Amino acid sequence: MTTQINVTETLDTSGVLCPLPVYKAALVLKRLEPGQVLELTCTDPGSLADIPAMARQRGDTLLKTDDRGATQVFWIEKGTT
Amino acid sequence: MISRLETPQHLTTDRRAQRYNDIRELLPDPDHPTPLVRVNRVAAETDLYLKLEWLNPFGSIKDRAAAYLLDGLQTRGELDGRELVEASSGNTAIALAALAALIGTKLTVTIPDGVPEEKKVVLRMLGAEVWETPDDMCPVDHPKDGAIALARSLAASENGTRYVMPNQYENPDNVLAHYETTGPEIWRQTEGRVRAFFAGFGTCGTLTGVGRYLKEQDPTIKIVAIEPQQGHRLPGLKSFGEAKQPGNLDWSVIDDVVQVDDQPAYDMTKRLWREEGLMVGPSTGAIVHAATGYGLDPDEIAVGVSPDSGLKYTSFFAELLGEEGLPQA
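Line order of the protein sequences matches chains V and B.
Counted the way my numbering counts, the first sequence spans residues 21 to 101.
Counted the way my numbering counts, the second sequence spans residues 32 to 360.
Chain B on its own, in the form it takes in the complex (with noise of 0.2 Å):
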């Protein structure tokens, strides 16, 4: 018999029994990835699939990214006493934030306007310090890049001894996250039949690293890029008619650019929510938009990203949604 003044042992991690001892081992690789799950109605005309990326442990794509971001800064002892402070849309921020705070290490975030309320609470319940970044704030420079020279300007403060920054546009941890991880996913999940990849543009580590990944498996996979319109309302996109383009980029794995309006991005948003199941963010809305308009050979399968849930965009969905679903008088 066990006494009661014995340590009690604690169950160890079993993956197959969905049992952890640590949120972090619910990050994915290749032998665990996000799930892979087919578009039925909206894309009726194509083998779209759609890689659920909302479903990592910290609510996106990005969870991949600050994983490795952090690993590195770490591994290298860039990290030792000092605090973390990135520019985000406020995905990369979040999963950052949890990760730094399981190591006792402070985040603060410069976030571009027109970031939904929602995650601006969320960074801070997580304890992270968010500072607002306006858009014109930085008017001599790229305007849209407000948030990314704050947060360099902070890093450089104080002789650099306060802060690190990840730098996720810059990082190629941040492109190996990809190619180590999703992109292997991706291959193993469609059994080597992946014809065509379709992500935003934002830090271009998803790009970069997927697409240098499947055309190392076969050159002739295509990688297709979503870029959004000058000014528009899809957080964690960037358009490079108002943003720099980020060092992360690789052309040479890029084949096409897909221009997308907001407005069709959202309404695909919305019919994916009603005719799919999928409650997306309004960046998948235009992944899918690009997929299904691009002319996909219907017998061969073609893979999107879904970086992120629409729960962080209800503040958006309810100004989409005016007064639909709501009773008339």
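Bound conformation, chain V alone (with noise of 0.2 Å):
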């Protein structure tokens, strides 16, 4: 069974280097009301180490992460700090 994650906003960085996606992210999340999520999509492959760091930095949740090769969706909730 799975949990299904309720998106409250989406945001695709494709084509776009590090840290661009980080710092779009990080724009998307700041305006989010804490427990809401945000479905990121990004091609960079650092993106695989910037985007944790960045949510774990931040007190959000990284809920999931689904690394398609080419592309990578994260999903991340907005914590309360």
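In case anyone wonders, no lab produced these hints; they're calculated from the structure.
Keep in mind it's a predicted model, so treat the numbers as computed, not measured.
Positions of the beta carbon are idealized from the N, C-alpha and C atoms, including for glycine.
Among the clues, some could well be false.
Claimed, not checked - Under 7 Å between C-beta atoms, here's a sample of chain B residues computed to sit facing chain V: (1) L181; (2) S184; (3) S188.
What the hints assert, rightly or not - Facing chain V, a subset of chain B residues (Cβ under 8 Å, in silico): (4) G103; (5) V161; (6) W162; (7) G177; (8) G191.
The task is to assemble the complex, starting from two chains supplied on their own in separate frames and drawing on the hints.
Here's what the structure looks like:
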């Protein structure tokens, strides 16, 4: 059984190199309410290290990562801090 | 009698009369240098002069680099139809924003954490878009170089068609600006008697350009670099313990490196305001602190750079002062 993730906002950063996806994701997360979820799509392999680190540093929760090879999708729940 | 319908004759630029037809004509060159002013009280044991770069038209030493960077991009046709993006702690961006606006180009600036609010507001007043970059944004790279990485990332986005990045850290036009203007100005203003030159590590355009020029005149002139501590609060300066060394740094012209902590730099900045009437920014305080403690020969002329004024750091100074200067109950 899989848990349904209710996505609040999506952001597609395909074709953009790190750290621009991190920066843009942080801008979206800043305006979300705690508990709301961002679905983030990246194509820069560096995102696999940068996005989890960003979520950890911001106090957000990385609910799920889907590494599809050329594309990586992250679901990030905004934290309370 | 001239008819009122005729086009009025504009006055021509006359530098002796301090009359200009365009703000860019105030950019310095060896015939029209920025002032060199002696530091008389806080450096009584030395013959130290400060080059007041805040009297440049856009308020800092970066006016020189920005003009050369933009000129290079235009000459090479790299600017055609594109916007500018640059990483800057403020001063280069301010000069670039002003110069870009004059040619109808927009600037996006990625600015590191810790830059005072005043600079960000100035940039926005000039029409620039300001992307504040957290120090820890790029955890897998040099943390303090997040602004540079972000600017590079923007420049590479949209297949490089939207933005061009002058890249003051790697672009030799930055060095050339100081080799062709700042260096010759100092040489002429000191009548060839300068024996030591002090400037901070940053983009290293000043140190390399001035150092190279002065060493060509006399290889025994000492070039001294000032480096702040890690996690410092001296905008414009770089600690290479936490930031990558720029391509524009030429170690062959550097004779010595002096480490300066924040507190003595700010203490010296305050003294320069109060004892010399020099309303300088904190990086000047760091440079003068290093020069006064260097053991200079009092009979030999030393020159330090004063990169910018303190008026863009008043929020930092308010913290420094605390309750000082306020009436006590």
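These are the hints, each one checked on the structure:
1. For the restraint placing L181(B) at the interface with chain V, the shortest Cβ-Cβ distance is roughly 5 Å, inside the 7 Å limit, so the hint holds.
2. The closest approach between the C-beta of S184(B) and any C-beta of chain V is roughly 4 Å, which is under the 7 Å cut-off, so the hint is satisfied.
3. Evaluation of the S188(B) hint against chain V yields a held restraint, the C-beta minimum of about 5 Å falling below 7 Å.
4. The interface hint given for G103(B) is broken, as the beta carbon of that residue sits about 24 Å from the closest beta carbon of chain V, more than 8 Å.
5. About 13 Å separates the beta-carbon of V161(B) from the nearest beta-carbon of chain V, more than 8 Å, and the hint is not met.
6. Annotation: interface hint on W162(B) holds; nearest CB of chain V at approximately 7 Å, less than 8 Å.
7. Because the closest C-beta pair between G177(B) and chain V is about 6 Å apart, less than 8 Å, the hint holds.
8. Violation of the interface hint for G191(B) is found here, the shortest Cβ-Cβ separation to chain V being roughly 11 Å, above the 8 Å cut-off.
Consistency with the previously given hints fails for numbers 4, 5 and 8, ordered from lowest to highest.
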